[in-house]
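J.: Here's the letter readout for the chains.
Number of protein chains: 2
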Amino acid sequence: MAFTFQINDDVNWNHDEKLLKKAEENLPEIIETTVVPVAIADVVADQKGANGYVAKISDKNITKLADYTLGRDESIVLDLGDHYVGHFTLAINSVGSPMDAPLYLQLKFAEVPAEIAAKSSDYDGWLSKSWIQEEYIHLDVLPATLSLPRRYSCRYIELKVIDTSPKWKASFSQPVFTAESSVSMNQLAPYEIDDPELKDIYNVSVKTLLDCMQTVFEDGPKRDRRLWIGDLRLQALANYATFGDLALTKRCLYLFGGMTTEEGKVPANVFTAPELIPDDTFLFEYSIFFAAILADYYYETKDLEVLKDLYPMAKKQMDLAMKLVDDEGRLNLLEEWPAFIDWSNEFEKDTAGQGTMIYALRRFIIIAKVMEETAIETYERVLADMIHFSREVLFDTKEQQFIVEKNHEINVASQVWMVLAEVFDQEKNSEIMTTTVATQFPITGIATPYMYHHVVEALFLAGLKEEAIILMKNYWGKMIDLGADTFWEAFKPEEPDFSPYGSPIMSSYCHAWSCTPAYLIKKYL
Amino acid sequence: MAFTFQINDDVNWNHDEKLLKKAEENLPEIIETTVVPVAIADVVADQKGANGYVAKISDKNITKLADYTLGRDESIVLDLGDHYVGHFTLAINSVGSPMDAPLYLQLKFAEVPAEIAAKSSDYDGWLSKSWIQEEYIHLDVLPATLSLPRRYSCRYIELKVIDTSPKWKASFSQPVFTAESSVSMNQLAPYEIDDPELKDIYNVSVKTLLDCMQTVFEDGPKRDRRLWIGDLRLQALANYATFGDLALTKRCLYLFGGMTTEEGKVPANVFTAPELIPDDTFLFEYSIFFAAILADYYYETKDLEVLKDLYPMAKKQMDLAMKLVDDEGRLNLLEEWPAFIDWSNEFEKDTAGQGTMIYALRRFIIIAKVMEETAIETYERVLADMIHFSREVLFDTKEQQFIVEKNHEINVASQVWMVLAEVFDQEKNSEIMTTTVATQFPITGIATPYMYHHVVEALFLAGLKEEAIILMKNYWGKMIDLGADTFWEAFKPEEPDFSPYGSPIMSSYCHAWSCTPAYLIKKYL
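Just so you know, the sequences run in chain order A and B. Per numbering that gives the first Met the number 0, the very first residue in the first sequence carries number 0; after that it's consecutive. Per numbering that gives the first Met the number 0, the very first residue in the second sequence carries number 0; after that it's consecutive.
Read the hints as simulated data drawn from the structure, not as lab findings. Mixed in with the good hints, there may be bad ones.
One copy or any two copies: either way a pair holds, since identical chains are not told apart in the list.
[Unchecked claim] Listed next, the in silico DSS-like pairs over lysine-lysine satisfying Cα-Cα at most 27 Å (straight line):
id, residue 1, residue 2
1, Lys322, Lys307
2, Lys168, Lys118
3, Lys47, Lys314
4, Lys47, Lys405
5, Lys159, Lys118
6, Lys472, Lys521
7, Lys322, Lys301
8, Lys198, Lys301
9, Lys20, Lys59
10, Lys307, Lys47
11, Lys47, Lys20
12, Lys397, Lys472
13, Lys63, Lys522
14, Lys522, Lys491
Assemble the whole structure, with the sequences as input and the hints as a guide.
T.: Now the structure itself:
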């Protein structure tokens, strides 16, 4: 998640200290793993790689790193062999005459080779330049051990000497990357997949999830580095299917449940430093997905304590959302509480939004029944109204597709969310998705694995298993073909060089909402 | 000192631990003084200022600093009110929506306003870019107190926000500069000077010296930051006349005496971190000036212990130098042991070099007598030979000027050093300097206060007091007119924008060898 921009500076927040205390009690220990670079790499332009670059193993031998002394404008790229999240240390010495000037060093941390090739100064987008993973460091005295205080998300590390002096050069040794996650690959039960493509997709999904599991489920360890509801829902599902770290999910649920607006709305995301802070951003389906995440969690754990603690907030989201549903069963979205659905604003989102509400309401009703909700009929009636309206008004029987009421637009997202919402039975859903595949595939104009995930799940749910597998291979598999060690925040198969921010140095190449193939494969195959 | 470049990687060094222990015993306590900015400044192009820029007091009020929140590409310049050397801390907060990206901040420390205006990326000279006093800092979490670990030499501090995010801005408060020196202005005895120009020159000299007095006499606290013999000699003289911190001079003498080559030569400069390291640079008159500095120290202190400890090294320098003096009394300089005299290589230095040797030999003989040197006649004979050769061969009686033997060149440096060496009596010296003033003033082509110091002292010594005062005012006074808070490493009155490195960001505007007017005024006025 990242691409949304709201400022709501007049919001008053409730902090429920009892719930937030439970969030803190479930703060995980971070597991550290020592990683040393496996090679020195040369980054070269090549359309076979992400954003037009690949890393080749250099003629230089990583075991002789200290011998490759570097002077002004000379650089070397270390390859960790895989994508990791953590801290970097390096020993540095001077070679030659006594060190008669400071060492001025630039370090660049890159998830993909294209980031090494990109010039930071060329980036001028609206997302903050502060996300670019580079540091400029002066060292007045050598030898020294450089221990960078910040966390990075990377596979490649460029060491570039801006200057030494003409009398000496810099020598680097003992590069160590301490990888961090709240889970370990050792927690993963063996899982056999015969199809080699799906096996690769599964493995990369799991690595993506692991790197995003820190003290919260982060959206991207390189950029945003924080807990969004949209990512959390998918990460939690993938986590149940793999690492099964229930404490982290519980912690994240409590973080959202513990910080709500005066009217009870959960924020789209929260910050955890310097203290627990809710963001002033609100997205319609993210709010109601709080109920879905709680229902999923209860389904996995049967943990009544968590359910009881957080049910009131889940109910509140549904109640707030239901105020937007009119007597006909039509969801009327508000400008200040928009549905996200996908980054793209090229299609109308009302029908997809209606689908997300039905989807969430179904899950809420399950936990409402567990909680012996007295007003259960209200929710069931709204659900019935919304389904009725969707079938009668939003479904075009001639086209066998859902439309957007105001302009009769037919788009992929509407079909997908109405299928996921199970507005019709599986047979009808199968017809809808078959029509969608026939008329709208190959998909264009959708940039996020988040939306692609929902397309694939809708295909599975509608029984179009083969089409679902093909789409997974064409989408996530294509990222692997381009060198992905972890799956990306954004990818358009029809435009492989697409970067939503105009430069690969701003893109996140390890992004939580792309980790779902592990869940999809385990659930549907 | 700075502008010399030698690599001698085959030198073997003796470390005399007994002497180096005495150097460490005289390591001074650094005195810290808290300085807060007095204003916010606007840097504007104006030929009235150093290198074409001045700082004007901004409309913004320093007491409201925290109110001036800064977003992408916005900056503010703090003015400390005077030049200082030390460490900087700053409180930083975010204002607006929750901090959804790191803060990326650039800090630039400038001795003169022109450094703020200069772009670092435009500098491409041979001196290391690592000297540019700027830092790029990421802060992941605000509020924070930024305590920069490095030491800076500056009056102006630019805070430039490279980026926040569109949702919040950075706010700065509590800027504190902790100024450092081994001496304090409180140690300075009151000293009345009626002439306001000379008073200003005296005060700026003293400030220059104070800022260069750290754990050694540094050449420049911004750039080089280390102990050179050439600067030490002048700093010690200015120090005797002002702060009178004898321990630091003693320490520096022991540092040079404790680290000599196998043949006994002292290096031109030494490093003190990460350990005591002699540089592999050798300059002829710097070596023999070790004897002059020791003689000056003994003259000031009558400290026989230091004299006895270091006399052998002083003698060694003279012995090595005397090997270059032929039977006629002619100094024959070697390429690997060049005379410095001045940065300029536009004039021949042999005659000036001959002068430095006579100057040093005279001072050595004084301490040799104290030490009851048995070979005293040898030194006295060489001195006589060199004086004889200088008078008979190097002096052009028609021109009343010293020439360079090989090409009959007449230059300022030759006259100055022969006068300082007292090759003739004062009457004759007066004639020589009068001729020099008449034929070669205003001086052109000399860039260093180091050489200008020797010109002024030669004028005083020759009895040309008025000319000496005029030259002091035209040289050091002109720097003050251009806004100098401390005196500079390099200055050509005939070319005020001259920068020896092509950019003001590389120049040192507080440089030890320019601090001598305090000594000259006290000694000769």
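J.: Output the numbers, in ascending order, of every earlier hint that fails for this structure.
T.: Hints 3, 4, 7, 8, 9, 10, 11, 12, 13 not satisfied by this model.
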